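Protein chains: 2
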Amino acid sequence: MTSIELLPLRDLQSCCAPITRDVVSEENAASLARALKALADPARLRIVSMIAAHEDGEACVCDLTDPLGLSQPTVSHHLKVLTAAGFLTRSKRGTWAYYRIAPGSLDAVSSFISAV
Amino acid sequence: MTSIELLPLRDLQSCCAPITRDVVSEENAASLARALKALADPARLRIVSMIAAHEDGEACVCDLTDPLGLSQPTVSHHLKVLTAAGFLTRSKRGTWAYYRIAPGSLDAVSSFISAV
Chain D
1 MTSIELLPLR DLQSCCAPIT RDVVSEENAA SLARALKALA DPARLRIVSM IAAHEDGEAC
61 VCDLTDPLGL SQPTVSHHLK VLTAAGFLTR SKRGTWAYYR IAPGSLDAVS SFISAV
Chain C
1 MTSIELLPLR DLQSCCAPIT RDVVSEENAA SLARALKALA DPARLRIVSM IAAHEDGEAC
61 VCDLTDPLGL SQPTVSHHLK VLTAAGFLTR SKRGTWAYYR IAPGSLDAVS SFISAV
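Taken in order, these protein sequences are the chains called D and C.
In terms of the UniProt record's numbering, the first sequence opens at residue 1 and continues consecutively.
In terms of the UniProt record's numbering, the second sequence opens at residue 1 and continues consecutively.
If you are wondering where the hints come from, they were derived from the structure by calculation, not from laboratory data.
Computed from a predicted model, the values in this text were never measured in an experiment.
Do not take every clue at face value.
Identical copies look the same in the list; a pair holds intra-copy or inter-copy alike.
Derived pair list, reagent style DMTMM-like, types lysine to aspartate or glutamate, alpha-carbon separation capped at 25 Å [unchecked claim]:
| hint | residue 1 | residue 2 |
| --- | --- | --- |
| 1 | 92 | 58 |
| 2 | 80 | 22 |
| 3 | 80 | 55 |
All chains should be modelled from the sequences, with the hints used to inform the complete structure.
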């Protein structure tokens, strides 16, 4: 009986290059995808940008409707999506609710990009 | 006739804080939203991460199917979406097409985050 040299599986798959760095986990990828989906809308990107650009980093719906050219219910809907996704914090004072960028809320996106 | 002092519109809108920084333009927001939509999928985020982690920053479909636990047609579809969105470049060599992260393709996302 002739002895047969068995190659490691890796060597048999000649097309496959080895992975040399950490890869984002399934769990982190799912959570990051959810966050990016909330952000992946032109109006929502502009809302985040406008809030960050406001004096004191705070804005209410009334600050955003005119520059966005959108109705108050539409802006409120986008603010709700961004708040639910963790990008904004909301605090009610008198008649208005004021929104801020949630500290560290863009860190996961930022870390992903830095690692690529 | 009593003279009436007219206040600038800004002062009449007591809820509105002034904008102190640049805001992402409608055009840039639309283009960034399209890019983020392409990226906002768990499998696609893992594909980008896996390609970046591969030796020489290059991978083919055959490198990705097993670690992702997805079929070759599914992985090919995701690679097509990421390539169309400008995140990957594709070069055919022999039987296989090899994918790399397109240089600078994450810069717009990165700039947006830095500005917030």
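Here's how the hints hold up against the structure:
| no. | hint | in the structure |
| --- | --- | --- |
| 1 | 92 to 58 | within (12 Å within a copy, 50 Å between copies) |
| 2 | 80 to 22 | between (34 Å within a copy, 23 Å between copies) |
| 3 | 80 to 55 | within (21 Å within a copy, 42 Å between copies) |
Taken one by one, the earlier hints all hold for this structure without exception.
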